[in-house]
Amino acid sequence: MAHWVSLHEAIATHVHDGDFVALEGFTHLIPFAAGHEIIRQGRRNLSLVRMTPDLIYDQLIGAGCAAKLTFSWGGNPGVGSLHRFRDAVEHSWPNALAIEERSHSDLANAYVAGAANLPFTVLRGYMGSDFERVSPHIRTISCPFTGERLAATPSVRPDVAIIHAQKADRKGNVLLWGILGVQKEAVLAARHSIVTVEERVDSLDAPPNACILPSWVVDAVCLVPHGATPSYAHGYYDRDNVFYRQWDTIARDRDTFHAWTKEHILDTADFSDYLRVQSQWNTRKALR
Amino acid sequence: MKPGSYTSDEMMTIAAARMLRNGAICFVGIGLPSAAANLARLLHAPDAVLIYESGPIGAKPPVLPLSIGDGILAETADTVVSTPEIFRYWLQGGRVDVGFLGAAQLDRYANINTTVIGDYRRPKVRLPGAGGAPEISTSAKEVLIIVKQSRRSFVDKLDFITSAGFLTGGNARERAGITGGGPVAVITDLCILRPEPESRELIVSSMHPRISREQIRLETGWEIRFDAECVETAPPTADELDALRDLQARTAAAHGHAESAA
Numbered sequence: 001m002a003h004w005v006s007l008h009e010a011i012a013t014h015v016h017d018g019d020f021v022a023l024e025g026f027t028h029l030i031p032f033a034a035g036h037e038i039i040r041q042g043r044r045n046l047s048l049v050r051m052t053p054d055l056i057y058d059q060l061i062g063a064g065c066a067a068k069l070t071f072s073w074g075g076n077p078g079v080g081s082l083h084r085f086r087d088a089v090e091h092s093w094p095n096a097l098a099i100e101e102r103s104h105s106d107l108a109n110a111y112v113a114g115a116a117n118l119p120f121t122v123l124r125g126y127m128g129s130d131f132e133r134v135s136p137h138i139r140t141i142s143c144p145f146t147g148e149r150l151a152a153t154p155s156v157r158p159d160v161a162i163i164h165a166q167k168a169d170r171k172g173n174v175l176l177w178g179i180l181g182v183q184k185e186a187v188l189a190a191r192h193s194i195v196t197v198e199e200r201v202d203s204l205d206a207p208p209n210a211c212i213l214p215s216w217v218v219d220a221v222c223l224v225p226h227g228a229t230p231s232y233a234h235g236y237y238d239r240d241n242v243f244y245r246q247w248d249t250i251a252r253d254r255d256t257f258h259a260w261t262k263e264h265i266l267d268t269a270d271f272s273d274y275l276r277v278q279s280q281w282n283t284r285k286a287l288r
Numbered sequence: 289m290k291p292g293s294y295t296s297d298e299m300m301t302i303a304a305a306r307m308l309r310n311g312a313i314c315f316v317g318i319g320l321p322s323a324a325a326n327l328a329r330l331l332h333a334p335d336a337v338l339i340y341e342s343g344p345i346g347a348k349p350p351v352l353p354l355s356i357g358d359g360i361l362a363e364t365a366d367t368v369v370s371t372p373e374i375f376r377y378w379l380q381g382g383r384v385d386v387g388f389l390g391a392a393q394l395d396r397y398a399n400i401n402t403t404v405i406g407d408y409r410r411p412k413v414r415l416p417g418a419g420g421a422p423e424i425s426t427s428a429k430e431v432l433i434i435v436k437q438s439r440r441s442f443v444d445k446l447d448f449i450t451s452a453g454f455l456t457g458g459n460a461r462e463r464a465g466i467t468g469g470g471p472v473a474v475i476t477d478l479c480i481l482r483p484e485p486e487s488r489e490l491i492v493s494s495m496h497p498r499i500s501r502e503q504i505r506l507e508t509g510w511e512i513r514f515d516a517e518c519v520e521t522a523p524p525t526a527d528e529l530d531a532l533r534d535l536q537a538r539t540a541a542a543h544g545h546a547e548s549a550a
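Protein sequences, first through last, are from chains P and G. In terms of the numbering used here, the first sequence opens at residue 1 and continues consecutively. In terms of the numbering used here, the second sequence opens at residue 289 and continues consecutively.
Just so you know, the hints here were simulated from the structure itself, not pulled from any lab data. Quick caveat, the model's predicted, so the values are computed rather than measured. Hints are not guaranteed to be accurate.
Claimed, not checked - Derived Cβ-Cβ restraints for the label pairs, each shown as a range:
(1) Pro136/P <-> Asp297/G: 51 to 61 Å
(2) Ala460/G <-> Pro136/P: 22 to 32 Å
(3) Cys211/P <-> Gly544/G: 29 to 39 Å
(4) Ser142/P <-> Glu462/G: 17 to 27 Å
Note that beta-carbon positions come from the ideal geometry of N, C-alpha and C, so glycine has one too.
Isolated chain G, as found in the complex (with noise of 0.2 Å):
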């Protein structure tokens, strides 16, 4: 690869690494939310507290972690605590800053299907289901998503909504109920979206480094819209790709195959 070059992959990682707060305190899920959040963790938020569903709190791993229990998460964490714990007084109580999500699908309102593709009694495709999504969703004071787009992923309508993001838009959400703030970004290898503020709808707030409009329609089964103020991502760093590309390797060397490192 050419000096200063970069893949639409790792520049969908890094744009969503930038996204966390140092301090913040998140609830990671497996694969490229954790691939983000600990690249963020290896930049400019080293005191990010990562908090695992399996019950790790204030995981560091050195290497990225193949499943959600991975025993590098407990050695590195402040502490380990049951699943029920967990869920009950860490995400339930309140003390999740940001829920870091990935998506099979989600729709314009940002609401998310890991349930099935087609009838539930009778599904075309039979995804793995929740974990632990639904709650995260809702619990979490904000959300961050991070999926790869295409006209499969970014669908007009969800066959089901696994995990709420604003629903039909509007304050649909919080008729709802539901308490925790929701998505302020999906971010994805071609742009940043953020739910518009009246509609909540999202719209493309920035665009990544030689990605046209068309590219993102194409890639949008609904009628996507861009910000009047639509920027460009700023390229990823050397700093950046050098963290990324050291911990994927480290991660590459520990699991014994290039695929885990997301």
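For reference, chain P alone in the conformation it holds in the complex (with noise of 0.2 Å):
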């Protein structure tokens, strides 16, 4: 049954060192305020599972929380590279990053697997390119009926899948909507889960087939308004692109991307208390 707690609790309680992680969310609903909270408390040699490790990958993985990154798509979307990710591994910094690289396909496929409790997926993929010959990760096997040759790949099976979501109730129970990605896949194929939301309200609301979450399939649930910008909540907010590009130039040197980690994540208390300091922020860059 889901609790209501802070956001700092959540993360206290249920991601530790070490631990495999999944924060995901395809451009739309990112759990940048989960991401930060993860980088305050200082959790190290984290595995990373993500489809598009987009900023907040960035930021974990420049901040030194990451051992290991699972992904499809590592770029910052419709800018250009991920710098903290390509420092880490084209030069080992701030620390070496093991990459178990996949296609979109197969991760979505591997999620779906984990949450229906398989060892791994099957699918009509990587046909004719090179991933089998680098990654172990990647085999081929035959069809038992046909003979058709098919790839196999393991699934994704988190210690801890973390999202954000637009409303909760009092009970727990998390609504969605709008591009909703691997999240419910993350979520059920993980052993715990925290989300973060917009709003909590009294009653959902939702018609029949809306994407819930029922309450007991999630361990934390946290109000973090705006907890998804830069990225953005359909219904409340936009994607915030001006900062998407800022990110190039604050993240492609070493050290303006520790001032800025330092100045808005380390030195403020929570998600809240960012937002102040990053609007701030924006104010002296548009008078300078």
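Relying on the hints, combine the two individually framed chains into one complex.
Here's what the structure looks like:
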């Protein structure tokens, strides 16, 4: 049964050094507040999984929280490279980062298999590519009925999955809508889950087929308005495209990244404090 | 700009848009493919169905999305499904006519690399990776590729095959068990290349106006060949240019700058 707790308490309780952690959200509803709190609490040696690492994992990797990354597309959408991710892969900075690389189709399937309590997934994938050559996680099997050659890859079963959603009711039933990505599958594949939400409501008022995660599959629900910014929350706020472009400059240089992380994450008390500092920083930039 | 004049990037996007037939079910990559596919929708292909890997099916964005999961895609779609569903039921399920892809690098057999430059374990440049492309390139009935042509993008040998084209040429693609038909055209800022029937090697089938063979040779990392019946690409019409520029202006206004307009 989900408990309403602070984000600080949720991360302290459920995310430990060395854990296998998924923070999901496909461009939409990316749980940035939770990512910041993991950095703030100084977690180390995490094995991270996420289809699109995005800025949130660039921050976690640059801050030295990650030892491994499983992913399928690692860029700054519409902008370019993730510089902290590249620095870790190309120069082992701030530490070596092991990578397990998959395709979107595979990783999405792997979450489904995890949610379905299966050890691996089967797909018509990777044909003709070099992935099998470099990854021990991508194998070929024959269909027992037709003999067709298919790709088999391990399912994803995180220790903890973290997502952001629009609403939860007082019991902790969670409702999300818009671009859903693999959030539901990530929660169901994981042993524990944390959901941050924009709003706590008396009733979800959702139609019968809405994407609802019942309270009893969630461990912690945290009220964190704007907790997905600079990504967006459909019906609440837009993507901060300007910040995605600014990140290119912040993350390109190690010192600039460190200064930004210290001022905005390590030296702030929580995400509302971050939002205050970030808005002052934007004003300073505008005046310059 | 003089009336009737246009840039090579505009020629590329317009030439690519012309390739998408009305009514086609098209799985669209972000950036240049998305720009071309939406331009086609505004011109001759109003009934093209655009599918984005984030889940929107039948997206009709009034401005170009900056990211693959922009809210405007969900708001204008016929339906929005989860990411596993888009890949399992819709792409792998065989419902996609055309995969519209970009590329960091490609070779003469239209194989694509978006993974690494250099050795995989010790890469010189770590590129973003696969995304949806490995399965789009094999499951879609046919593939269109749009990419700016240069010696950096058109290379003799790829360091990594992320997404299969015709592999080593001939019937290598079929021998690998791939059912989707593969690339039918590569559209660049200089020309249109198509696979030669037997060898499946890309050859230049149409050169954009004012582009010379020498320029194309200079920007290609292998010894490029020209179709004996190589023609000149029709220049952009006023309607095509107006539609593209309006779309880019709307996009720039919506995203607050011009670079995202592709």
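Worksheet item: So which of the earlier hints does this model not fit?
Response: Checked against the structure, the only hint that fails is number 1, while the rest are satisfied.
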